[in-house]
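Undergrad: In case you want the letters, here they are:
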Amino acid sequence: MPVLAPVLAAATTPAPPPPPYTGAYQPQGVDEIGLWKEMDEDERVLANSPVLIRDEALNAYVRGVLCATVGADRCKAARLYILRTPLFNANMAPNGTMRVFSGLLLRVRSEAELGAVLGHEFGHFEQRHSLAAFKAHRAGTDVLSWGAVLAGMLPYAQGAYSLRNMQISIYGRLSRFSRDQERDADLHGIGYLNGSALRPQAASVVWQNVMTEAERSAAARGQAHPRFDRIPFFASHPADAERAATMAALARPDAATRDDGAARYAAALAPWLPLFLDDQIKLNDFGASDYLIGMLGEHGATAPLWVARGDLYRARGYPRDLVSAAEFYANAIALDPNLPEAQRGLGLSLFKTGRRAEGAEALRRYLQLKPAAPDAAMIGMLVATAGQGQ
Amino acid sequence: MTRTRTATLALFAAAAPLFAMPAAAHGYREQGKPVAVAASTLVVIPNRDWNQLAGKPGKKAERWTLDGEQLDQVTFYGGIAPGEPLLRERDRKHRPLPKLTRETLLAEVPELLEATYRTDRAIASFTLHDARPERFLGTDGIRFAYEYVDDDNLPRRGEAHAALVKGQLYMATLDAPRLHYFDRVAPSYRALIDSATLR
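From first to last, the protein sequence lines are chains L and U.
Here the numbering used here is used: the first sequence runs in plain steps of one and ends on residue 390.
Here the numbering used here is used: the second sequence runs in plain steps of one and ends on residue 199.
I should point out that these hints are in silico values taken from the structure, not numbers from a laboratory.
It is possible that part of the hints are untrue.
Examples of chain L residues toward chain U, derived with CB under 7 Å [unchecked claim]:
1. V51
2. T85
3. M378
4. L382
Treat the numbers as computed from the prediction; the structure is a model and nothing was measured.
The C-beta atom is built at its ideal place from N, Cα and C for all residues, glycine as well.
Generate coordinates for the entire structure from the input sequences, incorporating the hints supplied.
TA: Written out as structure tokens, the structure is:
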């Protein structure tokens with residue numbers, strides 16, 4: 001108990017503001033300089049990657065959130081890249097390359113939540129955690145140490161969200177940290193938020209949502225309830241439940257009434273939401289996708305959200321799903337009658353439940369709204385055969 | 001004891017492919033000789049010599065290539081039944097693949113292939129182009145084209161032909177790097193499609 005007391009005491013004190021920024025770090029010694037060169041080469045490949053989202057507005061917005069969190073001077077040290085990758089992830093390499101995955105943008109709902117994750121990654125960078133790990137590995141002379149370095153190069157795995165063999169996640173190859181370093185970065189991340197204009201309590205919400213998503217994903221697949229109070233063997237991160245609790249305690253209590261930027265965030269993400277949702281739905285993870293759609297529609301579902309839910313149910317395709325899907329598409333059409341994807345989904349769902357004449361009507365409307373659709377010829381044939389019966 | 005046994009097993013496992021070579025080897029599909037593919041009644045007559053890759057990607061799938069799977073691959077799917085995925089599931093528990101259903105429409109086959117690729121091969125970017133009706137295996141079918149960035153970060157193009165026969169899906173796809181290789185192999189792939197029949 002006496003051992004535990006200081007830990008608890010520390011956890012109930014808000015995270016301190018970060019120390020004055022010392023500026024960009026320059027690599028020292030042959031090892032570090034060599035590592036830097038490798039990271040620069042990685043970044044060159046990254047900058048030319050076909051999955052990079054180059055949209056200026058989105059890049060400027062996400063950078064703005066990073067700057068609002070860590071401050072203008074620190075912000076200059078980061079070069080930000082947004083990748084179209086449906087994973088809940090972000091990382092930052094020691095040379096200042098920050099990678100933000102589209103799956104992260106889909107999962108956070110406010111500037112404060114995004115700032116919490118970006119601030120956490122910046123915390124790793126500022127504390128030079130990757131370098132510390134690299135040096136520790138280099139200090140060893142036996143094969144096992146090198147094995148650990150090589151293991152660190154394996155794709156970043158994060159439970160159910162892992163997309164293995166993915167080159168793009170290997171780019172952040174040195175971004176595996178020890179659990180203590182994760183806690184340290186969490187402390188820094190909240191420290192930035194405490195000192196910003198955003199609501200620091202949002203950080204805890206991110207981890208709570210991650211846990212709920214994992215639960216829904218497992219439940220939909222008939223798997224056992226995931227445990228969040230245990231640290232899996234070899235895990236590189238603290239248990240999610242511990243993180244959520246710690247982060248809530250580290251946030252400044254008097255900052256709880258601050259604006260979290262949810263409205264601004266929703267507006268900035270709106271043009272991207274259908275694409276990011278579609279990427280998520282096609283991962284065939286029903287429980288997680290259904291949860292995310294519900295979460296995004298918490299304050300009222302929009303037409304694109306109804307379409308996404310329709311696509312999700314139509315893809316799973318149990319007979320009851322098809323009836324639900326038709327209903328979801330109809331809800332989308334009620335909100336926006338000119339959304340071609342809603343008419344297409346409604347038409348296909350009705351076709352599959354035997355209501356071919358009504359289905360053909362919706363598909364005709366789809367073709368009117370989007371005559372140059374890539375599947376116009378195929379859908380046209382379906383409409384033509386509707387009158388011929390089964 | 002356990003250690004020794006494991007080591008012996010590992011040694012045996014390493015040696016096994018040497019003995020099993022003939023069965024595991026890549027095949028050769030000679031020009032002009034009709035051949036049944038994907039353990040099904042789908043028969044094609046190769047317009048030129050093709051290589052058949054060892055190791056089936058699925059229970060009812062088979063892969064051919066001219067210059068190696070990295071540069072071009074033709075995949076045949078022979079009679080996928082409702083409830084079955086297109087490819088073998090590498091991680092059924094955590095990454096189950098989408099399944100064909102009784103209700104799947106021909107117009108939805110491109111979405112099924114897209115979701116299969118995205119889930120199985122971790123593809124972040126996939127775009128479907130030009131899905132249109134086209135006869136395949138002597139019946140009403142669909143032909144569609146697509147583009148994606150594979151897990152090696154290389155943009156690829158694809159073309160597929162599919163038909164539903166008695167509720168089962170028959171399909172052939174060509175996947176090749178967008179630059180140069182797709183256009184080079186496409187005529188040979190299309191000749192295979194033209195020769196395809198159900199026995």
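Undergrad: None of the hints should be skipped; say for each whether it holds.
TA: Hints, one by one, checked against the model:
Interface restraint check: V51(L) against chain U, minimum CB-CB distance 5 Å, threshold 7 Å, status holds. For T85(L), the interface hint holds, since its Cβ comes within 7 Å of a Cβ in chain U; the closest pair sits about 5 Å apart. Interface hint at M378(L): satisfied, since its Cβ lies 4 Å from the closest Cβ of chain U, which is below the 7 Å cut-off. Below 7 Å, beta-carbon pairs count as interface contacts, and L382(L) has one with chain U at about 5 Å; its hint therefore holds.
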